Structure formats: C-alpha cells, structure tokens
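Given the structure of chain L, go ahead and fit chain D onto it with the hints provided.
Those protein sequence lines, which keep their order, are chains L and D.
Note that our numbering has the first sequence beginning at 1003, numbered continuously upward.
Note that our numbering has the second sequence beginning at -1, numbered continuously upward.
Take the hints with a grain of salt, since some may be wrong.
As the list claims (entries may be wrong) - Calculated cross-link-like contacts (lysine-lysine; reagent style BS3-like; alpha-carbon spacing at most 27 Å):
| # | chain 1 | residue 1 | chain 2 | residue 2 |
| --- | --- | --- | --- | --- |
| 1 | D | K40 | L | K1019 |
| 2 | D | K102 | L | K1013 |
| 3 | L | K1080 | D | K66 |
| 4 | D | K102 | D | K40 |
| 5 | D | K102 | D | K66 |
| 6 | D | K40 | L | K1017 |
| 7 | L | K1013 | D | K66 |
| 8 | L | K1080 | D | K102 |
As the list claims (entries may be wrong) - One-sided excerpt, in silico: chain D residues whose CB lies under 7 Å from chain L:
| # | residue |
| --- | --- |
| 9 | S26 |
| 10 | Y29 |
| 11 | G41 |
| 12 | L45 |
| 13 | L47 |
| 14 | A97 |
| 15 | G101 |
| 16 | K102 |
| 17 | G103 |
To be verified - Label-pair ranges, simulated between beta-carbon atoms:
| # | chain 1 | residue 1 | chain 2 | residue 2 | range |
| --- | --- | --- | --- | --- | --- |
| 18 | L | D1058 | D | S68 | 23 to 31 Å |
| 19 | L | K1080 | D | T3 | 28 to 36 Å |
| 20 | L | T1054 | D | T43 | 36 to 44 Å |
| 21 | L | K1017 | D | G14 | 45 to 53 Å |
Note that these hints are calculated values from the structure, not bench results.
Nothing here was measured: the structure is a model prediction, and the numbers come from that model.
Glycine included, C-beta positions come from ideal geometry on N, C-alpha and C.
One letter stands for each residue in the lines below.
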Amino acid sequence: GAGVSQTPSNKVTEKGKYVELRCDPISGHTALYWYRQSLGQGPEFLIYFQGTGAADDSGLPNDRFFAVRPEGSVSTLKIQRTERGDSAVYLCASSPGLASYNEQFFGPGTRLTVL
Amino acid sequence: KQEVTQIPAALSVPEGENLVLNCSFTDSAIYNLQWFRQDPGKGLTSLLLIQSSQREQTSGRLNASLDKSSGRSTLYIAASQPGDSATYLCAVRLNSGYALNFGKGTSLLVTP
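Just chain L, with the same shape it has in the complex (with noise of 0.2 Å):
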C-alpha cells in the first residue's frame, strides 16, 4: 500500500507569507504526527493527533504555527507570517496506533524556504 505522502515537495515564499503543507497519512492509521528538521539536526515534535483531535500541541514555536486533521485522515499545518527562521524540512508520520510495538512511518517531507 501507499505510504505517508506530503505535498507540497518544496515550497519557497517570502517573509510575512501564509503556507499550508498537506499530510496524508497510510490509510487506517489513527496517529499523526508532524516534525521539523533543520539542517544538521534531528527531527523535532511539533504537534500529535489522535483521530481529529490535537491529542499535544507542545512543540509547536509559537502561535504563528497551527495544524488540523478535520476528518481524521489528511492534516494540514499552517504557518502565518512566516520568518527566515521558519525554513526547514516539515515532515509528517502516521502510526496504526500507541501501543508499544507501533512504528511511526514518514513521509518525504516538504522542504519551506523563506525568503
């Protein structure tokens, strides 16, 4: 089956800019999860959700950053007024579930660069 896939690939915008990077998860899989690489570093949480619902949001910077998943499935994570410092690699992961045996599998990514 198809894994987790995220689009866009890239996405370059200007400073002050609003992006969306879409998520969709391996079908079936109740657990999202979005992350962010910088270069040189390991992926950082940003934001889990638990079927619908935002289940922890504690990674999130700042109140610019705001994500959904309105039907359980696709997620999106929106960024407002977007900074220099906001360019990274934002990568998605989906999981069957929380048990302790459950993978979180990833997608590509989408690399944001901001100008």
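For chain D alone, kept in the frame of chain L given last:
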C-alpha cells in the same frame, strides 16, 4: 526533557566491515526506541523498533540492542555495503508522551 546523543557523528568504513553505531539517552523511562535511516534529501525509513521490555531486535544484517538501565542502544551493521551509506537516527519515545525524541544522527559512508 529527554536528551538523545549519537556517537560518532560521522563514520567512514571500507566495504565489508562490521560496525556499531551508538545511541544514549538520559531518561530511562522509555516506551520504545526506533532506529531510522535517512538518505540525503529524503524522509526517514524505519529500520528497527525495540519495545521497552525487549533487549534486541534483528532484521537481516541489522541488529539493535537496548539497555534501559544504562540508557544505551546500539545498532550493529554486519558486512557493510556502499548502499548502507546514509544518516542513521536513533529516536526514543517516553512512557509519558507520544513524540519521538531524536538524536542528531550518525552519518555513515561505506567506501567500495
């Protein structure tokens, strides 16, 4: 906050060698630990997952071990091949959360 450290940061070995990548973590109350591979400009590929109750997991030429009490995991790669060249990331999920806490990775180069 869980701190995850990976040593070495970079490693270059000739083809055919066996090698060990190290991962250490500060909080031993872990739920599970995953090893990932990341190729340049790509996403993460899950290699192995070790549950907190397990000591090791094996997949092909890969073997991962876990010692919770000492806060360490190792990834052993047997008979390395040039195609193994990539960055290897260790990630820990705590009992108290849902997120993975990642190290910075070990960049591996296997030369023919």
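> Failing hints, ascending?
Replying inline: 3, 7, 9, 12, 20
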